[in-house]
Amino acid sequence: MALLEVKDLKVRVEEREILHGLTLTVNEGEVHAIMGPNGSGKSTLSHVIAGKPGYEVTDGQILFRGEDLLEMEPEERAAKGVFLAFQYPVEIPGVATMNFLRTALNAQRKARGEDEYSTPDFLKKVREVSKSLNIPQDMLKRGVNVGFSGGEKKRNEVLQMALFEPSLCILDEMDSGLDIDALRIAADGVNALRSPGRAMIVITHYQRLLNYIVPDFVHVMSKGRVVKSGDKELALELEASGYAQFEDAA
Amino acid sequence: MNVAVAKTGKGRAVSDLFASAEGRLPGSPDVIAVRREAFESYERLGLPHRRIEEWKYTDLRALVGEVLPLAATPDAAALKRAADAVKAHAVDGACKLVLVDGVFAAELSDVKALAAEAGFKTLPEVLDKDAGLLKTASTDAVIALNAALATDGVVLSIADGAQLSAPIQIIHIATAASASAFTRSQVSVGKGARVTIVETFVAAEAGAYQVNDAVIVSVGDNADVAHIRLMDDAPDAVNVTSQFVTVGANVKFNFFNMTTGAAVSRLQGFITLAGEGSELSANGVNLLKKTEHGDTTLVVDHAVPNCVSRETFRAVIDDRAHSVFQGRIIVRPDAQKTDGKMMTRALLLSDEAEADNKPELEIFADDVSCGHGATAGALDDSLLFYLKARGLPEKQAQALLIQAFVGEAIEQIADDTLREHVIGIAERWLERRS
Ligand SMILES: Nc1ncnc2c1ncn2[C@@H]1O[C@H](COP(=O)(O)OP(=O)(O)OP(=O)(O)O)[C@@H](O)[C@H]1O
Ligand SMILES: [Mg+2]
Chain F
1 MALLEVKDLK VRVEEREILH GLTLTVNEGE VHAIMGPNGS GKSTLSHVIA GKPGYEVTDG
61 QILFRGEDLL EMEPEERAAK GVFLAFQYPV EIPGVATMNF LRTALNAQRK ARGEDEYSTP
121 DFLKKVREVS KSLNIPQDML KRGVNVGFSG GEKKRNEVLQ MALFEPSLCI LDEMDSGLDI
181 DALRIAADGV NALRSPGRAM IVITHYQRLL NYIVPDFVHV MSKGRVVKSG DKELALELEA
241 SGYAQFEDAA
Chain Y
1 MNVAVAKTGK GRAVSDLFAS AEGRLPGSPD VIAVRREAFE SYERLGLPHR RIEEWKYTDL
61 RALVGEVLPL AATPDAAALK RAADAVKAHA VDGACKLVLV DGVFAAELSD VKALAAEAGF
121 KTLPEVLDKD AGLLKTASTD AVIALNAALA TDGVVLSIAD GAQLSAPIQI IHIATAASAS
181 AFTRSQVSVG KGARVTIVET FVAAEAGAYQ VNDAVIVSVG DNADVAHIRL MDDAPDAVNV
241 TSQFVTVGAN VKFNFFNMTT GAAVSRLQGF ITLAGEGSEL SANGVNLLKK TEHGDTTLVV
301 DHAVPNCVSR ETFRAVIDDR AHSVFQGRII VRPDAQKTDG KMMTRALLLS DEAEADNKPE
361 LEIFADDVSC GHGATAGALD DSLLFYLKAR GLPEKQAQAL LIQAFVGEAI EQIADDTLRE
421 HVIGIAERWL ERRS
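These protein sequence lines are chains F and Y, in that order.
Mapping of the first sequence onto the UniProt record's numbering: position 28 corresponds to residue 28, and the numbering continues sequentially without gaps.
Mapping of the second sequence onto the UniProt record's numbering: position 173 corresponds to residue 173, and the numbering continues sequentially without gaps.
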């Protein structure tokens with residue numbers, strides 16, 4: 001059974017259709033890259049998979065391990081292993097990062113019927129993960145993303161991904177705002193999470209990221225549809241020729 | 001006395017109340033005369049209502065209607081229930097002074113453990129000699145009623161220079177349903193002294209009771225005082241508390257109130273900065289649900305130059321609850337270089353929740369920096385979604401954001417133990433929601 005099946009998905013936002021019948025299948029262990037021009041609906045797809053309110057699904061379905069994802073609350077999806085690293089992570093003043101991480105991790109574990117982490121185990125895990133991502137401890141003492149630079153916010157998303165160990169990771173432009181070193185560190189962090197049981201959807205505008213996180217499949221999205229799929233060579237082709245050829249196909 | 005009020009059923013009920021209470025009221029014949037006068041003043045005015053400007057948003061006639069008879073002196077069973085409540089609500093390491101149904105309970109209190117520099121008497125002990133404590137400049141009807149009917153209270157006198165490390169916690173416990181408790185206390189802090197006073201209002205298995213408390217605080221020069229009030233009453237109780245504070249020179253006064261219960265509550269604080277160079281931090285949190293009505297009214301009077309006042313108030317309002325914040329800053333003609341600011345924010349958790357905010361600046365000096373700000377709104381959907389996408393169920397996500405919101409006021413409490421105690425009460429309120 002596929003990990004994620006998006007079938008002929010049609011989505012409206014404020015009376016306007018953004019996704020016009022999108023189909024995508026992701027199996028365990030695979031890394032899929034999605035590329036496409038601004039406004040083609042990449043973030044919309046990721047939001048609908050994560051369960052953000054405000055989107056009306058008018059047709060099609062999303063199955064996660066065969067279960068209807070659209071019937072689930074966002075927190076149920078998270079507990080089942082869906083993780084979205086946001087293109088624009090929000091700042092949450094007054095909610096300490098450590099408290100947030102622990103509350104979220106334990107909420108997911110509780111929903112799955114697992115034991116909550118003890119404080120020492122949790123701290124140990126956070127320390128390991130943040131060290132490997134080069135995230136200083138004092139950043140974790142602040143409010144969630146409060147005063148973080150753009151790059152720090154993205155690293156904080158990868159940190160959460162490493163901590164929650166989801167089975168489907170959607171990375172929405174995790175490379176935007178990252179300097180070259182930070183990009184490599186974050187990509188290493190992502191690569192370390194690649195495993196036979198885990199799949200990834202990497203949304204990006206730049207082929208460069210795909211040198212670090214090498215995808216099994218590359219999809220081109222245009223105007224709310226997947227208009228072409230291929231292997232990693234497709235990303236190189238796009239880099240050379242741009243999206244113009246697909247605008248018509250859409 | 002006033003025929004118009006006495007003619008109404010409610011006026012008559014109070015009249016009976018005073019007659020029946022008289023035998024219970026401590027004090028010399030002089031004191032009883034003062035009480036009678038106060039009572040007559042109350043009777044002329046009746047319970048405050050919306051046509052009295054200060055009570056515009058908290059119409060006690062409509063919300064409360066009548067004053068209940070005095071609670072009986074607590075018996076052994078009541079004291080036993082109160083003892084359990086003391087355990088449940090005590091602040092770690094605090095020296096406890098307990099009032100049960102308006103009567104000081106020596107057996108539940110730590111009078112012997114009080115520091116030598118903390119002089120202690122009960123209200124009746126003081127009233128034996130002097131009626132002064134029953135007199136305030138206020139013309140407010142509930143305060144007059146308090147002077148008339150106060151049965152007990154604690155009178156603390158902290159010596160000059162005393163540095164009290166353990167907080168003194170005055171715990172008001174209601175064990176009697178459908179009855180009222182009138183208490184009046186005084187805290188006098190000597191020059192250069194340092195003390196933390198906590199007041200806690202809770203029920204021990206009682207409902208539908210009424211509390212009318214008054215506290216008179218004076219703070220000597222160079223003192224450092226934290227005063228924390230926790231109104232955690234039963235959901236169907238009424239609590240009206242009046243607080244008078246006079247602050248000397250170069251004082252740090254940190255005031256905090258949190259209301260997490262009572263069908264109807266009002267804290268009215270009148271704080272006068274009477275000595276130069278003092279800093280007042282006055283903060284509050286209302287956590288209200290169902291049909292609760294919680295009113296925090298603070299009047300900060302800058303009577304002298306060069307003082308700073310900061311007020312941070314947060315209200316979280318669920319269901320059909322109603323929160324009121326009235327903040328008045330008065331700057332007297334002499335009070336140049338006053339720096340007074342207040343900021344109030346309300347978080348509305350339901351469409352029917354209501355917040356009234358009335359800031360007033362009365363400035364009679366020209367070289368001052370004063371201001372106020374207010375916001376009201378719902379929880380931010382994008383923050384809620386972020387938390388839910390990380391696995392937090394709706395109520396838990398809300399709870400984190402609500403804690404962050406009230407944290408802006410709670411973090412003004414400097415002492416770690418007390419801050420944790422207050423956070424614990426807020427957390428229990430949040431748990432009751434979910
Ligand atoms: N809440 C909204 N209200 C109105 N229009 C929206 C909303 N969200 C998205 N859209 C529209 O949907 C389209 C797709 O947006 P989306 O953010 O999914 O694009 P994207 O492919 O992620 O673009 P980018 O590469 O710039 O991140 C855009 O035209 C956008 O304006
Ligand atoms: Mg996008």
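No lab work stands behind these hints, which were simulated from the structure alone.
Hints may contain errors.
[To be verified] These stretches of chain F come out as covered by chain Y in the derived footprint (C-beta under 8 Å, 3 or more residues):
id : stretch
1  : 48–60
2  : 74–81
3  : 84–90
4  : 107–119
5  : 185–194
[As the list claims (entries may be wrong)] Computed, partial: chain F to chain Y, Cβ under 10 Å:
id : residue
6  : Ala104
7  : Gly143
8  : Val144
9  : Phe148
10 : Gln160
11 : Ser167
For glycine and all other residues, C-beta sits at the position ideal for the given N, C-alpha and C.
Hint check results:
no.: 1; hint: 48–60; in the structure: holds (count 4)
no.: 2; hint: 74–81; in the structure: holds (count 5)
no.: 3; hint: 84–90; in the structure: holds (count 4)
no.: 4; hint: 107–119; in the structure: holds (count 3)
no.: 5; hint: 185–194; in the structure: violated (count 0)
no.: 6; hint: Ala104; in the structure: holds, 4 Å
no.: 7; hint: Gly143; in the structure: holds, 8 Å
no.: 8; hint: Val144; in the structure: holds, 8 Å
no.: 9; hint: Phe148; in the structure: violated, 14 Å
no.: 10; hint: Gln160; in the structure: holds, 7 Å
no.: 11; hint: Ser167; in the structure: violated, 14 Å
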